[in-house]
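If you read the sequence shown in UniProt numbering, its first letter stands for residue 1, the second for the next number, and so on.
What the hints contain is simulated information worked out from the structure, not anything from laboratory work.
Source: prediction; values computed, not measured.
Incorrect hints may appear among the rest.
[Stated by the list, open to error] Only pairs whose alpha carbons sit at most 25 Å apart, straight line, appear in this in silico DSS-like list of lysine-lysine:
id, residue 1, residue 2
1, Lys282, Lys200
2, Lys200, Lys16
3, Lys333, Lys236
4, Lys194, Lys236
5, Lys169, Lys104
6, Lys282, Lys236
7, Lys313, Lys263
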Amino acid sequence: ILCFVCKRWLSIIRDKDFTELYLTRASTRPRLLFIVHLRDIHSFISRSLEDPNSDCYRATLTPKPDSRYWFSPPVRGLICCFKGNQVLVGNPSTGQFVSLPKVKTIKEIKDWSYLFFGYDPVNDLYKVLCMTNPYGPFFRDGLRKVIGTEEYQVFTLRAKEEWRMIECKHDHRVRGCPESKGICMNGVVYYVAKLDRPTKCPISFNLASEEFNVIKFPEDSKRLRRPCELVNYGGKIALTDCICCGTLDLWILEDVSNQEWSKTSLLVPCWTNLVGNGEWFKFRGALSTGELIFVPHYSGWPRPFSFICYDLKVNHARKVVTQGLGDGFRDIKVFLDHVESPMFLVSSTNDVLIR
Numbered sequence: 001i002l003c004f005v006c007k008r009w010l011s012i013i014r015d016k017d018f019t020e021l022y023l024t025r026a027s028t029r030p031r032l033l034f035i036v037h038l039r040d041i042h043s044f045i046s047r048s049l050e051d052p053n054s055d056c057y058r059a060t061l062t063p064k065p066d067s068r069y070w071f072s073p074p075v076r077g078l079i080c081c082f083k084g085n086q087v088l089v090g091n092p093s094t095g096q097f098v099s100l101p102k103v104k105t106i107k108e109i110k111d112w113s114y115l116f117f118g119y120d121p122v123n124d125l126y127k128v129l130c131m132t133n134p135y136g137p138f139f140r141d142g143l144r145k146v147i148g149t150e151e152y153q154v155f156t157l158r159a160k161e162e163w164r165m166i167e168c169k170h171d172h173r174v175r176g177c178p179e180s181k182g183i184c185m186n187g188v189v190y191y192v193a194k195l196d197r198p199t200k201c202p203i204s205f206n207l208a209s210e211e212f213n214v215i216k217f218p219e220d221s222k223r224l225r226r227p228c229e230l231v232n233y234g235g236k237i238a239l240t241d242c243i244c245c246g247t248l249d250l251w252i253l254e255d256v257s258n259q260e261w262s263k264t265s266l267l268v269p270c271w272t273n274l275v276g277n278g279e280w281f282k283f284r285g286a287l288s289t290g291e292l293i294f295v296p297h298y299s300g301w302p303r304p305f306s307f308i309c310y311d312l313k314v315n316h317a318r319k320v321v322t323q324g325l326g327d328g329f330r331d332i333k334v335f336l337d338h339v340e341s342p343m344f345l346v347s348s349t350n351d352v353l354i355r
């Protein structure tokens with residue numbers, strides 16, 4: 001909307017100092033970003049926790065018919081989505097999305113590529129990490145399932161860039177749903193991957209050095225029988241089960257360099273009264289305010305979308321019901337600590353500039 005004001009105002013809005021000041025102030029008022037997939041349309045809805053039924057903005061993205069995008073968590077107001085070798089970066093605040101060059105691989109790929117989006121504060125750059133498996137999701141050597149060879153590529157959002165192949169000393173694969181797997185924190189992207197059968201562990205990717213590092217699972221994490229995922233817990237990486245039924249076990253990475261973990265267990269008060277019986281929820285992480293957010297594991301039921309907010313400070317949990325997130329059956333993704341951004345994206349051949 002602000003693009004259509006006078007040139008003087010436009011120059012102020014696009015000034016880097018203004019953008020940084022805007023992002024700094026917006027980060028003190030983090031919002032929830034809902035992505036609703038309904039009838040081949042992705043809708044982006046930003047709402048505050050104080051007033052979850054009041055929209056800040058709505059933007060839409062329409063992929064090809066009978067298709068859908070996967071989304072990486074937003075970083076500093078921008079978000080990355082992908083489908084096979086098609087990658088887009090966008091700003092939900094402005095509704096602007098630009099296409100990156102198609103991912104190039106040794107062999108043809110279909111849907112089994114994984115992308116992680118992050119920000120490198122050292123060099124002030126946004127980067128996209130892409131891992132593709134040219135052999136498909138399952139590769140067998142005789143009767144034994146093996147990891148197969150991944151292709152690791154990086155795209156930097158700046159002028160005259162292309163996808164660059166990079167080396168990884170720890171051959172690994174990301175399995176399962178490609179969405180909500182990666183967390184960008186302090187210039188490092190964290191995600192869970194499989195090294196060899198059946199070893200699974202967190203992986204860190206330094207966006208500045210573009211180096212991978214393997215993080216060992218905490219020794220007492222054998223209780224994680226279900227698929228696990230990483231979450232942001234008070235500005236630290238934490239490991240937890242995908243499913244929560246009122247009790248929450250968290251392994252918190254206290255020291256990244258020394259790979260030291262601590263464990264905490266939480267009991268959400270009045271859980272059954274809030275969610276009823278038989279409905280599964282998953283822990284999405286903690287807001288910068290310290291409140292814990294739990295969302296339905298499956299959001300396709302035709303009813304108002306709701307989530308659980310647990311305030312640790314006062315030991316109080318409440319159910320938050322939202323209206324207007326789509327009628328009928330739909331899929332809803334929830335991302336925490338989203339910030340509004342005035343950034344503009346400029347795209348041309350092999351150029352993706354942020355202003």
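Going through the hints against the structure:
1. Lys282 - Lys200: Holds, because 20 Å separates the two Cα atoms, which is no more than 25 Å.
2. Lys200 - Lys16: violated (41 Å)
3. Lys333 - Lys236: holds (22 Å)
4. Lys194 - Lys236: holds (22 Å)
5. Lys169 - Lys104: Roughly 21 Å separates the two Cα atoms, so the pair holds.
6. Lys282 - Lys236: The hint holds at about 18 Å.
7. Lys313 - Lys263: With a Cα-Cα distance of about 19 Å, the restraint between Lys313 and Lys263 holds, given a limit of 25 Å.
Checked against the numbered hints above, the structure violates only hint 2.
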